[in-house]
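Next come the chains, spelled out residue by residue.
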Amino acid sequence: MIGQMIGLLRAECLKLKRTVIVLLIVSVPLMVFLLGVAVIATGNSASDWPMLAASGAAIWSFFLLPMTATALTALVAQLEHGSRGWSYTLALPLAKWTVFSAKALIVLFVMAVISVLVGAAIIGSGVFAGWIAPKQAMAGELPIALMVGLMTKMWLAGLLVVSIQFAVAIRFESFAVPVVVGIGGTFVAIVATSAKIGLYFPWLMATNVLNSEPERAAQAIVMGSLGGIALFALTIVWLSRRDWK
Amino acid sequence: MTELAIETVGLSRSFGAVSAVTDIDLQVPRGSIFGFLGPNGSGKTTTFRLLLGLIRADAGTVLLGGANLRTNRAEALSSIGAIVETPALYPNLTAREILRISTLLLKIKTTEIDRVLDIVDLRDAANRRVLDYSLGMRQRLAIARALMGDPDLLMLDEPTNGLDPAGISDMRGLIKSLPERSGTTVFVSSHQLSEIEQMTDHCALIKSGQLLFQGRLDALMAQAYTSFFIETNNTERALAMAKQAGLDATLDATGLAIHSPLDPSARSELIGAIIRAGGEVSQAFVRETSLEALFLSLTNNDERAS
Numbered sequence: 001m002i003g004q005m006i007g008l009l010r011a012e013c014l015k016l017k018r019t020v021i022v023l024l025i026v027s028v029p030l031m032v033f034l035l036g037v038a039v040i041a042t043g044n045s046a047s048d049w050p051m052l053a054a055s056g057a058a059i060w061s062f063f064l065l066p067m068t069a070t071a072l073t074a075l076v077a078q079l080e081h082g083s084r085g086w087s088y089t090l091a092l093p094l095a096k097w098t099v100f101s102a103k104a105l106i107v108l109f110v111m112a113v114i115s116v117l118v119g120a121a122i123i124g125s126g127v128f129a130g131w132i133a134p135k136q137a138m139a140g141e142l143p144i145a146l147m148v149g150l151m152t153k154m155w156l157a158g159l160l161v162v163s164i165q166f167a168v169a170i171r172f173e174s175f176a177v178p179v180v181v182g183i184g185g186t187f188v189a190i191v192a193t194s195a196k197i198g199l200y201f202p203w204l205m206a207t208n209v210l211n212s213e214p215e216r217a218a219q220a221i222v223m224g225s226l227g228g229i230a231l232f233a234l235t236i237v238w239l240s241r242r243d244w245k
Numbered sequence: 001m002t003e004l005a006i007e008t009v010g011l012s013r014s015f016g017a018v019s020a021v022t023d024i025d026l027q028v029p030r031g032s033i034f035g036f037l038g039p040n041g042s043g044k045t046t047t048f049r050l051l052l053g054l055i056r057a058d059a060g061t062v063l064l065g066g067a068n069l070r071t072n073r074a075e076a077l078s079s080i081g082a083i084v085e086t087p088a089l090y091p092n093l094t095a096r097e098i099l100r101i102s103t104l105l106l107k108i109k110t111t112e113i114d115r116v117l118d119i120v121d122l123r124d125a126a127n128r129r130v131l132d133y134s135l136g137m138r139q140r141l142a143i144a145r146a147l148m149g150d151p152d153l154l155m156l157d158e159p160t161n162g163l164d165p166a167g168i169s170d171m172r173g174l175i176k177s178l179p180e181r182s183g184t185t186v187f188v189s190s191h192q193l194s195e196i197e198q199m200t201d202h203c204a205l206i207k208s209g210q211l212l213f214q215g216r217l218d219a220l221m222a223q224a225y226t227s228f229f230i231e232t233n234n235t236e237r238a239l240a241m242a243k244q245a246g247l248d249a250t251l252d253a254t255g256l257a258i259h260s261p262l263d264p265s266a267r268s269e270l271i272g273a274i275i276r277a278g279g280e281v282s283q284a285f286v287r288e289t290s291l292e293a294l295f296l297s298l299t300n301n302d303e304r305a306s
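Sequence order for the protein chains is A and B. Counting in this note's numbering, the first sequence runs from 1 upward without gaps. Counting in this note's numbering, the second sequence runs from 1 upward without gaps.
Hints are supplied without guarantee of correctness; some may be wrong.
[To be verified] Computed spacing ranges between beta-carbons, pair by pair:
no.	chain 1	residue 1	chain 2	residue 2	range
1	B	D150	A	W97	23 to 29 Å
2	B	D118	A	W97	31 to 37 Å
3	A	L24	B	D114	30 to 36 Å
[Stated by the list, open to error] Only pairs whose alpha carbons sit at most 27 Å apart, straight line, appear in this in silico DSS-like list of lysine-lysine:
no.	chain 1	residue 1	chain 2	residue 2
4	B	K109	B	K176
5	A	K17	B	K107
6	B	K207	A	K245
7	A	K17	B	K109
8	B	K207	B	K176
Please keep in mind that the hints were generated in silico from the structure rather than gathered at the bench. Glycine is no exception: its CB is placed at the ideal position from the N, C-alpha and C atoms.
Modelling step: build the complete structure from the supplied sequences, incorporating the hints.
Listed below in structure tokens is the structure:
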């Protein structure tokens, strides 16, 4: 089973060759970096590392994480929808659940890679801004541990929204459906931020990690991660059992 | 080892109120090129998907190489290569990369890539992106992919769809060569009857989700009747005389059409009888039915088939 899964993962990586995956992985951290530099260098942000980490992580979790999940899951799913690859892959002597699990693992891995790069970009923006605008230079040590903690928690809390996007992208052949769900969810999140229900809204789980109340932040991580794992499992079981016409 | 590459018993599937496939008992002999014929919407692709486990059957059993698809899916599919409808493949990859994916999924050696590329004559184009391939090249690549691992059974759903005449001829030659080359059983669906006639040795006919015939192609052709046409000025009288003689006869645009087998002396006798009854015969000729005519006859007139 492990050998089969390794083969599936390698095959999924190969399928992504010459797609926009590299652009996606590079562009998101680059946006965070440029935004960070611009804000710090123009003096619009407080010059301390915790503040920079929080503001960068907020941009990532509130807007870029859901959008990245939308684009990434749609890309992975469209590789099969567009090439009518399901009929080939699902007729192979492989357990169907392993096929969908491999796709889910690739998505989670790429999300983790982007999270790491975004964390690095936030710190990098502070360093770079301090270099080009010494007056705005950050005091103290680089907040590596803080950043690792934030990105890990946001990745965990974001599992639910990633799993929703994954299910929609694989289920619907049209590219438009996951995009509409992703954009719609992000816009609703703007309104839901101020509502009580925002705590339970999947698109806000990652942002809630930054909540000033520690219990609420912990709740977001637990709900987002467990909900995401449960939804991934249900989606994989459901996809394995449904008809592929 | 079972003599049947594919066997289904009572295979049925409905979509809502529509019965797509009903009680299909299919028997595909090992080593044959088996044509699966039917008009568009007859249930061919649904049957394909049922055979590959892409959709679930409401009832019935599928045995592939003797292994039950429902209870032993991995073994049933372990030696099958398939193309379902026109595959688009991965346009961002080269042929070699696409076949590399198959080696990873099937856990087979990469030397298989060159072997199948040679079979479909795509080795020179193997490092080009599929995006730049013609439809014919894509179809050949899809067959190459289906041949990875040297399967015992190759299932091809409408493999000549959209190909130009040269592409169809190439595809036909390729498919015909497979059983000899590696003993592969080929199960090929088509609505192009001439293709099936030229390519296969066994066939099944499906219409509205039901099998009308299955068996050797020559057995099907033996059902083909030779019609004898008589152009006369008194068709009604001639028809009455033919029916009186116990012949299966109809009137058509040509005149009197006799569908019962008649030897030359019986034909002369019938013409003589029409003339003696005062009729004039301006023309008489024999026309053999093609598989196409037989197919139309079977699918439009099930009573005659039975």
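**Item:** Whether the CB-CB distance between L24 of chain A and D114 of chain B falls inside 30 to 36 Å
**Value:** Holds - the Cβ-Cβ distance for L24 of chain A and D114 of chain B, about 34 Å, lies within 30 to 36 Å.
**Request:** Please work out if K109 of chain B and K176 of chain B have their alpha carbons no farther apart than 27 Å.
**Result:** The hint holds at about 26 Å.
**Request:** Assess, step by step, whether the Cα of K207 of chain B is no farther than 27 Å from the Cα of K245 of chain A, and give holds or violated.
**Result:** holds (19 Å)
**Distance restraint hint 31 to 37 Å, applied to the beta-carbon atoms of D118 of chain B and W97 of chain A** = holds (35 Å)
**Asked** Quick one, are K17 of chain A and K107 of chain B close enough, alpha carbons at most 27 Å?
**Response** Holds, because 20 Å separates the two Cα atoms, which is no more than 27 Å.
**Prompt:** Are the Cα atoms of K207 of chain B and K176 of chain B separated by 27 Å or less?
**Reply:** Between K207 of chain B and K176 of chain B the Cα gap is close to 25 Å, so the pair holds against 27 Å.
**Request:** Decide if the proposed pair is consistent with the structure: K17 of chain A and K109 of chain B, CA atoms, cutoff 27 Å inclusive.
**Result:** Measuring from Cα to Cα gives roughly 21 Å; hence the hint holds.
**Request:** Using the Cβ atoms, figure out if D150 of chain B sits within 23 to 29 Å of W97 of chain A.
**Result:** Holds: the Cβ-Cβ distance is about 27 Å, inside 23 to 29 Å.
No hint from the list above goes unmet by this structure.
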